[in-house]
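J.: If you want the building blocks of each chain, they are given just below.
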Amino acid sequence: MNKLITIKELSKTLGRVKAVNNISFSINNGELLAIQGHSGSGKSTLLSLLSGLENQDDGEIIFDNKKIGNMNEDDLALFRRKNVGIVFQSFNLIPTLNVIENIALPLFPTNVNKKEMLRRAQKSAEAVGLSNRLDHYPNELSGGEQQRVAIARALINNPKVLFADEPTGNLDSKTGKKILELLKSLNKEKGLTVVMVTHDDSIAKDCDRIIKLKDGRIQDE
Amino acid sequence: MLRYAIKELVKRKKKYALNVLVISLVVILLITLTSLNIAYKNASKLPFESIHSSIIIQKNGNVAENTTGALVSCSLAPIKKDLINNIKSVDGVQEISYGLSLWVFDEDNFKRVLGVNWDDSLGRKIKSKIYVGSLPQSDEEIIAEKTFAQENNIILNQKIIISGETFIVAGFSETTGKDIVSSDVYANLKPVQDMAYNSKNLQDTETFGESDINIIFVDAKQTKVADVSKELDSLLNDPDSFTGNTPTGQKIGSYSIYTPESFENQINSIFNISDKIVLLLTIVILIGTALILFKSMAHAITERKKEFGIMKTVGFTNKDLKKQLTLEVLIQIMVSFLIGILVSIIVLFALSNLTVSVNIPWELNPYPHFLASDPSSVNTVQTYPLPIQFNPSYTILPMLSILIISFLTIHILLKKIGKLKPMEVLKYE
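So the protein lines, in turn, are chains A and B.
Residue 58 in the working numbering sits at position 58 of the first sequence, and the numbers go up by one each step.
Residue 283 in the working numbering sits at position 283 of the second sequence, and the numbers go up by one each step.
Wrong hints could be hidden among the right ones.
Okay, derived cross-link-like pairs now, DSS-like style, lysine-lysine, Cα gap no bigger than 30 Å in a straight line [said to hold, decoys possible]:
1) A:K18 to A:K3
2) B:K7 to A:K114
3) B:K88 to A:K123
4) A:K160 to B:K322
5) B:K306 to A:K214
6) A:K174 to B:K306
7) A:K82 to B:K13
8) A:K114 to B:K11
9) A:K174 to A:K66
10) A:K114 to B:K306
11) A:K67 to B:K415
12) B:K305 to A:K82
13) A:K115 to B:K13
14) A:K114 to B:K323
15) A:K115 to B:K190
16) B:K295 to B:K15
17) A:K177 to B:K306
18) B:K322 to A:K115
19) B:K200 to B:K80
20) B:K322 to A:K114
21) B:K88 to B:K14
22) B:K11 to A:K8
23) A:K188 to A:K82
24) B:K306 to A:K178
25) B:K200 to A:K114
In short, the hints are calculated from the structure, not lab data.
Please build the complete structure, drawing on both the sequences and the hints.
T.: Structure representation (structure tokens):
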């Protein structure tokens with residue numbers, strides 16, 4: 001498999017705590033990777049570094065042959081827009097926008113015209129099974145539906161990798177399972193690289209590979 | 001982004017109502033203040049508009065020892081007609097008209113008589129007020145003012161005696177009586193000059209030449225009125241030639257030069273606010289607006305921290321966020337201005353029902369004190385509708401001020417948003 005992301009001696013300190021401590025590993029194209037660890041192990045910090053939400057203190061991240069560690073904030077924003085999709089535990093939808101607008105949000109600051117924007121948003125909505133709720137607002141949707149909207153939004157720019165931070169954490173087990181199935185199908189059927197942070201063993205065991213973190217270091221791979 | 005901005009404002013209209021209310025109020029206050037300020041300035045020009053002139057020149061002279069026959073008021077001493085040529089040479093002077101105003105104490109009644117040239121601007125103004133009869137066709141014909149004619153039961157073509165001379169009433173005019181240079185009788189200039197020249201009482205008081213006049217109207221370019229007035233003052237007045245004071249405190253021998261500015265302090269109204277107070281109020285209003293808008297926008301941005309985190313996460317740069325916020329603020333400003341301007345038009349329409357009273361100095365409309373039932377009433381007060389109206393240019397100041405305040409606020413607040421870490425606001429929600 002081709003390496004999509006290479007992480008070399010990556011470190012990040014938050015306050016006095018070294019949240020990520022000298023970590024090196026790589027992520028392959030089309031891989032379904034679980035990053036596991038207890039609370040405070042540094043898994044979310046690692047995800048924010050890999051997805052370009054924050055800069056590391058030391059080490060380097062090479063994403064598709066480009067170093068992203070040295071980018072300024074606006075360059076990182078553009079990097080995220082073009083290369084990654086991010087899904088959080090708490091859905092994070094804009095309450096004043098309906099489903100289709102929430103999905104199209106990443107395209108708002110681009111030059112994509114309205115027609116194309118709608119077409120792509122509808123395609124993304126179809127991919128997550130939400131075609132029938134496009135006019136609804138987030139407060140009219142169930143938790144599972146809101147997470148599907150978040151995934152559709154993450155997919156709209158055809159990202160190279162989807163980062164998911166505890167994507168089933170706010171859902172009941174049945175709904176969580178469905179979301180997990182969706183992520184797995186995106187990985188298997190569309191070849192999308194998925195990096196998922198979880199503390200749940202049952203979720204992690206279904207992934208291609210598991211990286212276990214403890215105190216900011218890789219404990220097991 | 002526009003759609004997002006509109007939906008944000010519509011869905012959370014209660015949150016943005018304060019901004020819209022504040023901006024609308026500022027627009028209403030500033031437009032109303034400016035309109036009132038300018039309306040009262042214009043009101044001071046109204047007494048002059050009625051005579052189509054911008055400057056009036058009169059000479060101060062002596063008081064007659066007795067009241068018989070034709071006289072001139074001490075504010076209307078004789079002026080040599082040659083002076084007209086000197087005045088014409090002043091830069092900015094466009095048209096000059098003149099007349100001779102007399103007090104005539106006849107046995108049966110007192111009358112004010114004004115001699116005019118019917119072809120100059122003063123004559124034309126009086127001509128336009130004739131509602132019955134026609135212009136005097138000869139020196140023996142006169143026009144009688146309506147109120148004077150009614151009080152003295154004068155009818156058309158009636159013969160009346162003025163200072164011993166017989167005249168025929170050729171028509172009636174309708175003037176307010178309180179206008180500048182209003183009179184009871186209007187006649188050709190020549191017979192009035194003869195009347196003055198032949199009046200022993202007048203000649204004993206002042207030296208009156210055959211072609212003298214005693215009031216000059218100068219129409220100057222609007223932008224040059226102040227300069228022309230200053231120039232005329234230095235041209236006409238020689239302080240060394242003044243010989244004493246008139247009963248109203250003017251220097252005998254001096255020329256009084258009246259302009260619309262002479263009336264600015266003669267308007268009594270709580271709404272007549274000076275330029276300095278308008279400026280002060282404007283500054284206070286704008287500082288208050290800046291504080292309220294900053295607080296309100298800062299609050300809105302703090303509340304939307306999570307939303308900005310989401311936007312940054314999905315790839316909005318700080319420039320994109322600025323664009324988004326600017327759009328939202330621009331829409332609020334546009335809505336507020338629309339409301340503000342509409343309400344201002346209604347407010348100004350309501351204010352146009354106000355009247356403005358202008359005290360016209362006695363010197364400009366002299367009437368013998370001893371003939372007035374109340375001597376203090378000889379200082380005439382003229383009342384006009386307040387000339388207030390909406391002028392689109394009055395929106396420029398509030399528009400620019402609000403735009404500057406809003407964009408400065410966005411600029412300051414964006415620094416706060418720029419430092420926002422998406423993970424911090426999104427992870428633990």
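J.: The structure should be examined with respect to each hint, and the outcome stated for every one.
T.: Checked hints:
As the CA atoms of K18 (chain A) and K3 (chain A) are separated by approximately 27 Å, the hinted pair is consistent with the 30 Å bound. For the given pair, K7 (chain B) sits about 16 Å from K114 (chain A) by alpha-carbon distance, which is consistent with the 30 Å threshold. For the suggested pair K88 (chain B) and K123 (chain A), the alpha carbons sit about 84 Å apart, so the restraint of at most 30 Å is broken. The straight-line distance between the Cα atoms of K160 (chain A) and K322 (chain B) is roughly 28 Å, inside the 30 Å bound, and the hint therefore holds.
For the hint pairing K306 (chain B) with K214 (chain A), the CA-to-CA distance comes to about 29 Å; that is within 30 Å, so the pair holds. Our distance criterion of 30 Å between C-alpha atoms is met by K174 (chain A) and K306 (chain B), whose separation comes to about 28 Å. A threshold of 30 Å between alpha carbons decides the hint, and for K82 (chain A) with K13 (chain B) the separation of about 33 Å lies outside it, so the pair is violated. The straight-line distance between the Cα atoms of K114 (chain A) and K11 (chain B) is roughly 21 Å, inside the 30 Å bound, and the hint therefore holds.
Straight-line distance between C-alpha atoms of K174 (chain A) and K66 (chain A) comes to about 39 Å, which puts the hinted pair past the 30 Å bound. For the proposed pair K114 (chain A) and K306 (chain B), the alpha carbon gap of about 26 Å is at most 30 Å, so the pair holds. Distance check on the hinted pair: K67 (chain A) and K415 (chain B) sit about 27 Å apart at the alpha-carbon level, within 30 Å; holds. Restraint check for K305 (chain B) and K82 (chain A): satisfied, since their Cα atoms lie roughly 23 Å apart, inside the 30 Å limit.
With a C-alpha separation of about 28 Å, the suggested pair K115 (chain A) and K13 (chain B) falls inside the 30 Å cut-off, and the hint holds. For the hint linking K114 (chain A) to K323 (chain B), the alpha-carbon distance of about 18 Å falls within 30 Å, and the restraint holds. Our distance criterion of 30 Å between C-alpha atoms is broken by K115 (chain A) and K190 (chain B), whose separation comes to about 87 Å. For the suggested pair K295 (chain B) and K15 (chain B), the alpha carbons sit about 12 Å apart, so the restraint of at most 30 Å is met.
Under the criterion of a C-alpha separation no larger than 30 Å, the hint pairing K177 (chain A) with K306 (chain B) is consistent with the structure, at around 27 Å. A threshold of 30 Å between alpha carbons decides the hint, and for K322 (chain B) with K115 (chain A) the separation of about 25 Å falls inside it, so the pair holds. Taken as a hint, the K200 (chain B) and K80 (chain B) pair is honoured in the structure, with Cα atoms around 19 Å apart against an allowance of 30 Å. Restraint check for K322 (chain B) and K114 (chain A): the C-alpha separation of about 21 Å stays at or below 30 Å, so the hint holds.
A threshold of 30 Å between alpha carbons decides the hint, and for K88 (chain B) with K14 (chain B) the separation of about 66 Å lies outside it, so the pair is violated. For the given pair, K11 (chain B) sits about 46 Å from K8 (chain A) by alpha-carbon distance, which is inconsistent with the 30 Å threshold. With a C-alpha separation of about 22 Å, the suggested pairing of K188 (chain A) with K82 (chain A) holds against the 30 Å cut-off. At roughly 27 Å between alpha-carbon atoms, K306 (chain B) and K178 (chain A) fall within 30 Å of each other, so this suggested pair holds.
For a cut-off of 30 Å, the pair hint linking K200 (chain B) to K114 (chain A) is broken: about 96 Å separates their Cα positions.
Of the numbered hints listed earlier, those contradicted by the structure are 3, 7, 9, 15, 21, 22 and 25.
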